[in-house]
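K.L.:
Both chains are given apart, each in its own frame, so use the hints to dock them into the complex.
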Amino acid sequence: MSAICSNLHESVSMTQRERPLSPFMLGSYYRFQVTSVMSLLHRATGVVLSLGAFVLTAWLVAVMAGPEVYARFVECVGSLPGRIVLAGIGFSLIYHLLNGIRHLAWDLGYGLTLKGAYTGGTIVAVLAAVFTLLLWYFGFSAGGAA
Amino acid sequence: MSSQDRLRDPLARARGLGSAKHGTQHFILQRVSAVILALLTPWLLWLLITLIPADYATVRSTLAHPVNAVLLLSFLLALFWHSRLGLQVVIEDYVHHHGLGTIAQILVLFACSLGALVSLVAIGRIVFAA
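If you read the sequences in order, they're chains A and B.
For the working numbering, count along the first sequence from 1 and bump the result up by 16.
For the working numbering, count along the second sequence from 1 and bump the result up by 4.
Hints should not be assumed to be uniformly reliable.
Derived Cβ-Cβ restraints for the label pairs, each shown as a range [claimed, not checked]:
{"#": "1", "chain 1": "A", "residue 1": "I139", "chain 2": "B", "residue 2": "L113", "range": "20 to 28 Å"}
{"#": "2", "chain 1": "B", "residue 1": "A61", "chain 2": "A", "residue 2": "V146", "range": "17 to 25 Å"}
{"#": "3", "chain 1": "A", "residue 1": "F156", "chain 2": "B", "residue 2": "P46", "range": "17 to 25 Å"}
{"#": "4", "chain 1": "A", "residue 1": "K131", "chain 2": "B", "residue 2": "V125", "range": "23 to 31 Å"}
{"#": "5", "chain 1": "B", "residue 1": "P70", "chain 2": "A", "residue 2": "S44", "range": "52 to 60 Å"}
{"#": "6", "chain 1": "A", "residue 1": "T51", "chain 2": "B", "residue 2": "A133", "range": "43 to 51 Å"}
{"#": "7", "chain 1": "A", "residue 1": "C92", "chain 2": "B", "residue 2": "L11", "range": "53 to 61 Å"}
{"#": "8", "chain 1": "B", "residue 1": "I110", "chain 2": "A", "residue 2": "A81", "range": "25 to 33 Å"}
{"#": "9", "chain 1": "B", "residue 1": "V125", "chain 2": "A", "residue 2": "F48", "range": "21 to 29 Å"}
{"#": "10", "chain 1": "A", "residue 1": "R59", "chain 2": "B", "residue 2": "L75", "range": "26 to 34 Å"}
No lab work stands behind these hints, which were simulated from the structure alone.
No residue lacks a Cβ here, since even glycine has one placed at the ideal position from N, Cα and C.
Just chain B, with the same shape it has in the complex (with noise of 0.2 Å):
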C-alpha cells in the first residue's frame, strides 16, 4: 500500500476509483448553463405562447429570424447540456449497480448529444432554407 492509498476513502480504493478531479469544474458548468437556461426562460416562453396560435409560414418565418435562431440555439444547447450533468448526478446518487450506472450515463450521454444535433440541424435548415 502507497502512502497516497492510505489517505484515500477505503470504498473508492475497494473499487479502484477515485476522484476524476473534474467535480469543480462540473459544479461551474452545472451553473453556468444555469444561468443561460434562467435568463433565456422566459423570452422563449413569451415566444411559444406567441407561436401557439400562428399558421405554419408565421412559425417557420420566425424561427427563421437570427435573433430567434441563435438565442432558441442557446437554449437548447444549454438546455442538452444542463440536462446531461443534471441527470449524471441523479444516476451516480440513486443507481447503486456499477455496471448499470455505466449504461445508464452512456445512455444519457448519447441522448443529450443526439438532441443537441438533431436541434442544431433543425434550426440550421429552417434559417438557411426559409
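Same shape as in the complex, but just chain A (with noise of 0.2 Å):
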C-alpha cells in the first residue's frame, strides 16, 4: 500500500516534467514482457525468412544453371560468413514455425488467455531452442562431410 501511495506521490510531481508518451518501447519506461519480446521476434524472424526465400531460390537456380554454378554456390553458403547466416536462417525457420503454430492456436481460440500466452511461450521457447540446436547438430554434420 505505502509503494501505491509513493507511486501516487510521484506521479503527480510528474505532470510537472517531460513525460513518456505511450507505450514508449525502446527505452527505460518500458517494461519487457516474454509476450512482447517474442512478438518482436516472430516479426523480426519473419523479416529473416523473407530475405531467406531468395537464398532458397538462388539454390534452385544454381541447380538449374549447372554444376560449375551449383559448385560456386556450394562454396559460397559452405564458407564460415555463409554458414552463420544459414544458421540464423535455420533458427528463425524453427521459431517463426513453431510460434506461427502457437498464432494459430490462438485464431482457433484455444490458449487466448494471459495465462495461455505465457504457458504456449515458454512451451514455443522451449521447443524452438531444442529443435534450432537439432538443426544445426544435422546440417552442420551433414555438411561437414560434404
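P.N.:
See below:
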C-alpha cells in the first residue's frame, strides 16, 4: 500500500516534467515481457525468412544453371559467413514455425488468455531452442561430410 | 460532409483513405499460406539436410522427381505469398511516411513476385530438362 502511495506522489510530481508517451517500447520506461519480446521476435524472424526465401530461390537457380554454378553456390553457402547466415535462417525458421503454430492456436480460440499466452510462450521458447540445436547439429554434420 | 463521412475515423477522412474491404481476405490468406508452410517445412528441412552431402547429379535428379518438384513449388509459392502479406503489415505498422510506405509496398510486391516466378522457371527447367 505504501508503494502505491509513493507512486501516486511520484506521478503528481511527474506532471511538472516531460512524461513519456504510450507505449514507448524503446527506452527505460518500458518493461519488456516474454509475450512482447516473442511477438517482436516473430516479426523479426519473419523479415529474416523473407530474405532467406531468396537464398532458397538462388539454390534452385544454381541447380538449374549447371554443375559449375552449383559448385560456386555450395562454396559460397559453405563458407564461414555463409554458414552463419544459414544458422540464422535455421533458427528463424524453427522459431517462426513454432510461434506461428501458437498464433494459429490463438486464431482457433485456444490459449487466448493471459496464462495461455505465457504457457504457450514458454513451450515455444523451449521447443525452439531444442529444435534449433537439432537442426544445427544435423545440418552441420551433413555439411561437414561434404 | 455526407452522413457516411461522419461515421469514419477522423484520420481516415483526413487522408482520404478508408477500408479497402480486403482485411478479412488478407487475414485468411496469411493463415492459409501459414498452414501450407507449416505442413511442408518439416519435409523441406529433411530434403535439404539429405541433399547437403549429395553431389550435383543426385541433387538435380532428386529435385526433378515430380513429387519433390510439386511440393517444392507449393512451398515456394506459399512462401513468397506469405512473405508479401507479412512484410506488407510490417511496412504498414512501422513506415509512417505515406510516400515511402507506398514505394516500399510496391518494391516488396515486385521482389516477392519475382522470387516466385524465378523459382517457378527454375523448377520447371529442372523438371523438363532432367
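K.L.:
Lying within 20 to 28 Å: is that true of the beta-carbon distance A:I139 to B:L113?
P.N.:
Check failed, 35 Å falls outside 20 to 28 Å.
K.L.:
Just tell me: holds or violated, for the beta carbon distance of B:A61 and A:V146 against 17 to 25 Å?
P.N.:
35 Å, violated
K.L.:
Could you tell me whether the CB distance from B:I110 to A:A81 stays inside 25 to 33 Å?
P.N.:
The hint (25 to 33 Å, Cβ to Cβ) holds, given that B:I110 and A:A81 are roughly 29 Å apart.
K.L.:
Given a hint of 21 to 29 Å, does the C-beta separation of B:V125 and A:F48 actually sit inside it?
P.N.:
44 Å, violated
K.L.:
With respect to the beta-carbon atoms only, verify the hint that B:P70 and A:S44 lie 52 to 60 Å apart.
P.N.:
58 Å, holds
K.L.:
Indicate whether the distance between the beta carbons of A:T51 and B:A133 respects the range 43 to 51 Å.
P.N.:
50 Å, holds
K.L.:
For A:R59 and B:L75, compare the CB-CB distance with the range 26 to 34 Å and indicate the outcome.
P.N.:
At 27 Å between Cβs, range holds.
K.L.:
Is the hinted range of 17 to 25 Å satisfied by the C-beta distance from A:F156 to B:P46?
P.N.:
19 Å, holds
K.L.:
Take a look at whether the Cβ-Cβ distance between A:K131 and B:V125 falls inside 23 to 31 Å.
P.N.:
Given range 23 to 31 Å: violated, Cβ gap about 49 Å.
K.L.:
CB of A:C92 to CB of B:L11, is that within 53 to 61 Å?
P.N.:
Roughly 56 Å apart at Cβ, these two residues keep to the hinted range, so it holds.
The structure is inconsistent with the numbered hints 1, 2, 4 and 9, although it conforms to all the rest.
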